[in-house]
Every structure is written in structure tokens, then in C-alpha cells.
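A.B. asks: Sequences and hints are given; from them, build the entire structure.
Same order as they appear, the protein sequences are chains L and D.
Heads up, the first sequence is in our numbering, so the first residue is 22 and it goes up one at a time.
Heads up, the second sequence is in our numbering, so the first residue is 22 and it goes up one at a time.
None of these hints come from the bench; they were simulated from the model.
One should not assume that every hint holds.
Intra- or inter-copy, both count: the list cannot distinguish identical chains.
[What the hints assert, rightly or not] In silico DSS-like links for lysine-lysine, alpha-carbon gap of 27 Å or less: (1) LYS109 x LYS27; (2) LYS148 x LYS195; (3) LYS59 x LYS109; (4) LYS30 x LYS217; (5) LYS30 x LYS72; (6) LYS72 x LYS148; (7) LYS59 x LYS280.
Protein chains: 2
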Amino acid sequence: MAARWKALKAVLIDLSGTVHIENDIIPGSIAALERLQKAGLAVRFVTNTTKESRSLLLSRLTNMGFNIKPEEVFTSLLAARTLVETLKVRPLLFLEDEALEDFVGIDTANPNAVVVGLAPSMFQYNKLNEAFRLLQGGAQLIAIHKSKYYRRGDGLALGPGPFVECLEYASGQKARVVGKPAPDFFYTALTDIGVKPEEAIMIGDDVQLDVGGALDAGLLGILVKTGKYREGDEKRLESSLDPSCVVNDFPAAVDFILKSLGSQSIKSTSLAVMGEF
Amino acid sequence: MAARWKALKAVLIDLSGTVHIENDIIPGSIAALERLQKAGLAVRFVTNTTKESRSLLLSRLTNMGFNIKPEEVFTSLLAARTLVETLKVRPLLFLEDEALEDFVGIDTANPNAVVVGLAPSMFQYNKLNEAFRLLQGGAQLIAIHKSKYYRRGDGLALGPGPFVECLEYASGQKARVVGKPAPDFFYTALTDIGVKPEEAIMIGDDVQLDVGGALDAGLLGILVKTGKYREGDEKRLESSLDPSCVVNDFPAAVDFILKSLGSQSIKSTSLAVMGEF
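C.D. replies: Structure representation (C-alpha cells):
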């Protein structure tokens, strides 16, 4: 196992809940990201967002102070676009305007597929019925992800998952799920940088989507105790997670990785958060 | 088995697809119903409709020429009302105006239950989100029925089932299903007339909801080859259905029942359709 840690070439990082929560940065995350980048590790931010295009997401992160290049952001929206291109289908898109930018150039006339993201304004009877009829006619159902709900300012709100389930039940068809925890999602992110799953690690706050998904795909995983983490989450995984792979936050995860690599790039200032190792 | 047929006291009858299709009567159904009533058998029309109240349904049937009393109609809407009264809950009602009449007098302020019928105008994100939050807060989910879709003038359209599934997936709660094929639905219809399940038979065109449901509840069942019946439907049942219990139409079903009873009320005109026995 130690050999795998020494051979790491790439780090996949979740965004919301891991390096920031809404517009608040998890303390120390900007410097921790720089340490990873300086140590020569490839970095990819991998996120299940379906609400905004890569460029909108990138400008939000840049405004917070993160030094991230466009190619370092890989979203389930982009993965869905890649899948649509690979399958050569014309999708009916359940997406809000802020996300449509990532689908510019995709032919959506006379649709023969249904792609479901988080699109509250489209989740109404007539539009869902239109999708149902396409599915009855043989169209393929693609879910950008199947999250049950998310937290917004006024409380919990339905995610895309329940509406995917609605269409699955009506049509008798199982959706192809694009985002985390689908193994293909991790593979596509890694193929892009030419790194094998066994040479990569995923850092995230969601024990199932981030860590469980990564382990299932053959990556290593680190769970951070920020964002949606709740005490004991790590016990909900089918395969057990080494307790040393559950850390306080993103900076602690970075330091753990760099220490395992034998890197000299760990700053003395960050050693303080490593007390638990 | 023959003894059970001779002891029949009540006949439960499906409506749409069994005695009529939209405003067209299945030929011979009005006279067949009269024969049943004259033979002294109790009759209940049991239907999964969630779209219209009993009085609207009754006036539509009466206008077609059927001689039916209000108490002879038992719908999943009425069963849902009974359940709401029994549980003493205050429901958020997913129902269109034409159905609300059956819920007059029910307290719906500050809801602690969610009742889902076919309500296209309410199947939109904000309303479903309101229901989801109630369910997260401990409200009970009640499905009037879980049909996947139905046929309307312009083609197939989503039924209430997919939206029940949507809320089940989001909340992690299983809905209590009121209508056919729930055994309680048949029991409530029979309790009302003081007849035991083994003294009753169900006639319908839906092999799962009507016949499968009736058999599971301990009734006899006859499948008619009208409405939604498709060749070989009877083979889709878990428990096998005697081939003699699959007949051409409602008049043939009535004649089969009366013949089994040893009744003298079978008219010679109806014997023609009995060739298959």
C-alpha cells in the first residue's frame, strides 16, 4: 500500500464542501493547492455540479483566490457532453441557462436522448411528459447525476435524482449516470491527463460519491471532515477506509499526501494541522 | 372451486376499459349489468380514477345509460379520504379541482401528510419541493395509486406513479398505496356491503391491478379482453389464472358468473357470446 502512495501522480479534488462552502474558502486551501501543484502532482477538480458551465464555475473560484486553469476543472456537465458526442445522440436537455454554455454546438433538433441535470424551471408536467414520450419511442436516458437533494439558502431542495427516478419508473428504462460515483467519470478525468487509476487519489467530503466512488474505480481516497461530512460517515462505506485517510480538512489531506510521497515541499506552517497523524 | 363460484354474493367491476372506453359503452354492458343486479348480486364499481369525484363520475356513467346508484361506485379517491380520516392527518393534496369535491371538509391547514393523485397542474418543481420538505419533516406519503401512465387523446401521458416515485426517492420514504392492486382497497369496498373476499369476484381489463390484485386479496377474478388487454396478458400473473376466467368482454363475464351460480337469469341473446366456454 505504501508503494501506491509513493507512486501518486494525480490528485482529484471535490469543490463544494472540500475547498469552499458557497463563497467561503476552507481555511488554508489556497496555499494547500499551491503546495500540491508545486510538488508536480497533476490536479483535477471533479464536481457533480449541473447548475453552471465550466467558465462560470472557474470565474467564481478565481474570484475566491484559487489559482486554477480551465483544464483543471472537470464537471459532470462536461462528462455528459462527452458522452452525448460519443453516442452521437441529439439530447433534450434538462438544464438551466447557466449550464447550457457547455453544450454549445450540440445538435438538439428532433431529440433521441434525454439528459437530466438540475433544471427546476423545466421540472414540470408537460416537459417531463415530452421526455417520457421520447423515452417510450426509444430515446436513451442520461442522468448528469442522481443526487436526491441539495442545500440552498432556504433549506433542502430536490436535486435531479428524483426526476431521473420519475422518468425511469414511467419508461421502465434505467438511466446512464454520468457524474460521481460512476467509475467512468473518474476514468474520463484521468484519461485526460494520462494517469492510471492506481496512480491517483480523490479528496472529498462526500463519503459515497467522492471516496466510495474513487475506491470502486481503483483510486485511493481521502475523506475530509468539512462540508457535508457527519461523524461516522466513513463507516457507511462497503469497503473499509483506513482511519488515517479521514482527515480534518483539505490542507490536512494535502499534507498527508505530500508526506506519503516523501516530498520536501511541506511547509513548517502546515505541519501544525498534521497532529493527528 | 366450484363451491366458491356458487357462493358468490358480490361482483366488483372495473370501469374504464371494462364497461366503457371514454364515452363508448362496451356493447351489451348495460343489459349485462341489469342481469347481475336482478340475480341479487351486490355490485360495486371499483376504479383507480383520481381525476374526478364520485358524483362527476356517476353523472357521466348515468348519461351513458348505466343504472348505477352512488353507493355502487367506490373509487381510490374515496378510499384515500377514508384513510386520511382514519389516520387523522391533514394532507397536502395533489389533486385537480374535479377531484377535490371528494375531500370537502378535510382539514388541509398546516399539512402533515402528502396525498398524490393525478394532478398535472401541481406536478412542478416548487410544489413537489414543498411536499418533499413536509416528508423530510415526518409527514406521511399516500399514493392514490401508482400507475405509470395513461392514454389520453394525444397519446400516452404520465400518471401519478412517477411523481410518487420522485418523492419516495428524494425522501427515502415508501408511499402507502391506496388504490388497486392494494388488498385494503378490495377489503374496504367489500366491508361496505358485508361480504367476505371469498364470496366476491372482480371483473377487469388490467391483469395486474384488477385480476392480480383481486386474487392476492383472496377474491376470484375474471379478465376481459377489452380496454388495455393485450394478447397473453394473463401469462404475466404470478399465480396462474384458469383459462375459463379470460373472456371476451363484460357481458361474457356476467354470463359466466350467472351460469356458475346456476342462475336462470341468463338471456338467450347472451348465450351467443359464450361459445368459448
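A.B. asks: Have a look at LYS30 and LYS72 and pick one of within, between, both or neither, based on CA distance no larger than 27 Å.
C.D. replies: neither (30 Å within a copy, 60 Å between copies)
A.B. asks: Is it within a copy, between copies, both, or neither that the alpha carbon of LYS59 lies no farther than 27 Å from that of LYS109?
C.D. replies: neither (39 Å within a copy, 64 Å between copies)
A.B. asks: Classify it for me, LYS30 with LYS217: is the Cα-Cα distance of at most 27 Å met within a copy, between copies, both or neither?
C.D. replies: within (9 Å within a copy, 72 Å between copies)
A.B. asks: 27 Å Cα cut-off: does LYS148 pair with LYS195 within a copy, between copies, both or neither?
C.D. replies: both (19 Å within a copy, 26 Å between copies)
A.B. asks: Can you give me the call for LYS72 and LYS148, within, between, both or neither, at a CA distance of at most 27 Å?
C.D. replies: Both. Shortest intra-copy (18 Å) and inter-copy (20 Å) distances satisfy the 27 Å Cα cut-off.
A.B. asks: I want to check one pair: LYS109 and LYS27. Are their C-alpha atoms no more than 27 Å apart within a copy, between two copies, both, or neither?
C.D. replies: neither (40 Å within a copy, 63 Å between copies)
A.B. asks: Which holds for LYS59 with LYS280 at a C-alpha limit of 27 Å: within a copy, between copies, both or neither?
C.D. replies: Close inside one copy (14 Å), not across copies (90 Å); limit 27 Å.
This entry does not satisfy hints 1, 3, 5, going by the numbered hints stated previously.
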